[in-house]
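Take the given structure of chain P and dock chain S to it, following the hints.
Residue numbers (the numbering used here), protein chains in the order written: chain P, 20 to 348; chain S, 20 to 348.
Hints in this document: simulated from the structure, not taken from any laboratory.
Note that beta-carbon positions come from the ideal geometry of N, C-alpha and C, so glycine has one too.
Treat the hints loosely; a few may be bogus.
List of simulated lysine-lysine pairs, DSSO-like, C-alpha gap at most 27 Å [to be verified]: (1) K25(S) / K142(P); (2) K142(S) / K314(S); (3) K59(P) / K81(P); (4) K333(S) / K76(P); (5) K61(S) / K332(P).
Quick list of simulated restraints, FRET-style, between CB atoms [as the list claims (entries may be wrong)]: (6) G166(P) / T85(S): 46 to 56 Å; (7) D253(S) / D88(P): 28 to 38 Å; (8) D253(S) / K314(P): 56 to 66 Å; (9) D88(P) / D279(S): 42 to 52 Å; (10) D88(S) / T262(P): 24 to 34 Å; (11) I86(P) / K260(S): 24 to 34 Å; (12) G166(P) / K61(S): 30 to 40 Å; (13) N330(P) / D253(S): 32 to 42 Å; (14) Q331(P) / R282(S): 26 to 36 Å.
One-letter residues, chain by chain:
There are 2 protein chains.
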Amino acid sequence: MTFQYKNVFINDTYTIVGPYEYQGPLGSYFDAHKKDFYVKQKTFEDAESKLLIDSVKGVLKKVKKTISDVDLFISGDLMNQIISSNYAASQLGIPYLGIYSACASSVEGLIIASNMIEKQQIKNCICSVSSHNNSAEKQFRYPVEYGGPKPKTTTFTTTGGASAFLSSEKTNIKIESATIGRVNDFGITDAYHMGAVMAPACADTLYRHLQDLGRDISYYDMVYSGDLGAYGKDILKEYMKKTYNIELKNYEDSATMIFDLKRQPVNAGGSGPACLPLVTYGYLFHQMKEKQLKKILIIATGALMSATAVNQKKTIPSIAHAISLEVFE
Amino acid sequence: MTFQYKNVFINDTYTIVGPYEYQGPLGSYFDAHKKDFYVKQKTFEDAESKLLIDSVKGVLKKVKKTISDVDLFISGDLMNQIISSNYAASQLGIPYLGIYSACASSVEGLIIASNMIEKQQIKNCICSVSSHNNSAEKQFRYPVEYGGPKPKTTTFTTTGGASAFLSSEKTNIKIESATIGRVNDFGITDAYHMGAVMAPACADTLYRHLQDLGRDISYYDMVYSGDLGAYGKDILKEYMKKTYNIELKNYEDSATMIFDLKRQPVNAGGSGPACLPLVTYGYLFHQMKEKQLKKILIIATGALMSATAVNQKKTIPSIAHAISLEVFE
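Just chain P, same shape as in the assembly (with noise of 0.2 Å):
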């Protein structure tokens, strides 16, 4: 299902991450970061909403406003049942809408909001993801306290809070069109290695948006995919050349890119629902204001992975949302 947008921007954004994302090659492009995973917080749940909230109020001061200016906080988390995005809705006080789409949560947000402001059934919107490295291993897998080795083909779940504001007030970020993906099972059950699980799902809605819009994957200086990692990047080249014979040259992912996968032990990169929108919202929306980039597909990609359904032996779904960025001038 796909969209076009008129008018639909994005009209600033506040990315704050932990140390790992900090000391990453992408570091000085966020807004603000943290020293440590607590946060000042009594656990990684807390320390994770934080976060979260804290990327709504640096949002809202960018862009001047106040929480009662808002019409709509859309947000989504990896956490059972989205208790980072709950409790930071709790403290807002905002008109709230709660999604899951594991790390695709991000553009599944800007979807709903962009439906809703081009239409002008609201006038703006805050769309927010968090993730947290500790919370998530604890939930997903082990706590990381346990220090249990890892396949290469593991991501390291980010650690960050990222917030845009949308509204149909024109700046140079414009929301140009979107895709609303399907899931796909290709029957991997490996909980260590979401990049296959999530590689398919990312070439089915790049594809449906491509057909959809009548283009070609030349349309855009680059597509973004977040996040397969170093190995599921592979795969969907490989699967996207195959399948429709189309060649992925101006491509990149998230995952390796917030990271430095030589110098930082974060296996195959990074994950997370925010690890996507810190990109995007961090470093490349840097690229689009000095114009090094001027049309940019991102595609987030989320496995529908459960601790539950892993431990009853069951695939693990995936879906991908995509959406257009454009400079605006």
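Just chain S, lined up with the frame of chain P:
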């Protein structure tokens, strides 16, 4: 945030329930029922997803459409990472938005779909939810097999799947308006008294809905919440009277409608994302088609609880979303 619609209709619905719901006072109003909790699946989780899929296929049959006719599937449930919905979406292959606002998910889905249909961004949408007594009890409290006693304020998660097919094609049930709620938190930590947790969110959304549209409560033939339960219902009435000076006379709660509280072992009544839509799509739509009811307001309430947060002694926030339905003549 309140919206009004002119072009959104619920063309048909499908409800499928477990044994307790079928044995309840509204049993004859559901489209289908299952005799046990496994529904020929290996796990309760798979059983829940099966009920969800059956409800989607059921409504498709009733509106004489196939999966390829459907633009969008919006679904949510109580399972961690909404796996019931994800596995359903995986089998269906319709573009999919996963949502979460606990037992308020049904109305969240209807609102997102209505906004898109109203402005012709999509031509139709299936909105679904599911819940399952045994999968929910296991995840949020203890496996039912333990047979632990419970306080009287506890509700009994309904087992079922409920789907609605929405489009701009005129039929006799019109979605007239809707209000997206805010998260409320009154500091309650008792995971066995959801009615107390959710009543303030219900009151807030009801009040703002009436304020935003300049309506008196008497505008509606009936207001239905779901699912505050026997105790929460009284809390809501008292709270509305004391806080807003609104007397709730034309009001009922789905938790106390779906079960016979005197005869069935359900404590304070039914709950789960399926409870309110089962009552609405099953019984209330029948009443509307018979012209016994012409204008109703449906307020879905959700306790944004997670086992992790409860164990960390966090308070339980809540949310409520409202939608008004009218007989279209």
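Status of each hint after checking the structure:
{"no.": "1", "hint": "K25(S) / K142(P)", "in the structure": "20 Å, holds"}
{"no.": "2", "hint": "K142(S) / K314(S)", "in the structure": "25 Å, holds"}
{"no.": "3", "hint": "K59(P) / K81(P)", "in the structure": "24 Å, holds"}
{"no.": "4", "hint": "K333(S) / K76(P)", "in the structure": "22 Å, holds"}
{"no.": "5", "hint": "K61(S) / K332(P)", "in the structure": "12 Å, holds"}
{"no.": "6", "hint": "G166(P) / T85(S): 46 to 56 Å", "in the structure": "52 Å, holds"}
{"no.": "7", "hint": "D253(S) / D88(P): 28 to 38 Å", "in the structure": "37 Å, holds"}
{"no.": "8", "hint": "D253(S) / K314(P): 56 to 66 Å", "in the structure": "58 Å, holds"}
{"no.": "9", "hint": "D88(P) / D279(S): 42 to 52 Å", "in the structure": "48 Å, holds"}
{"no.": "10", "hint": "D88(S) / T262(P): 24 to 34 Å", "in the structure": "25 Å, holds"}
{"no.": "11", "hint": "I86(P) / K260(S): 24 to 34 Å", "in the structure": "29 Å, holds"}
{"no.": "12", "hint": "G166(P) / K61(S): 30 to 40 Å", "in the structure": "34 Å, holds"}
{"no.": "13", "hint": "N330(P) / D253(S): 32 to 42 Å", "in the structure": "41 Å, holds"}
{"no.": "14", "hint": "Q331(P) / R282(S): 26 to 36 Å", "in the structure": "35 Å, holds"}
Going down the numbered hints, you'll see the structure goes against none, and every one checks out.
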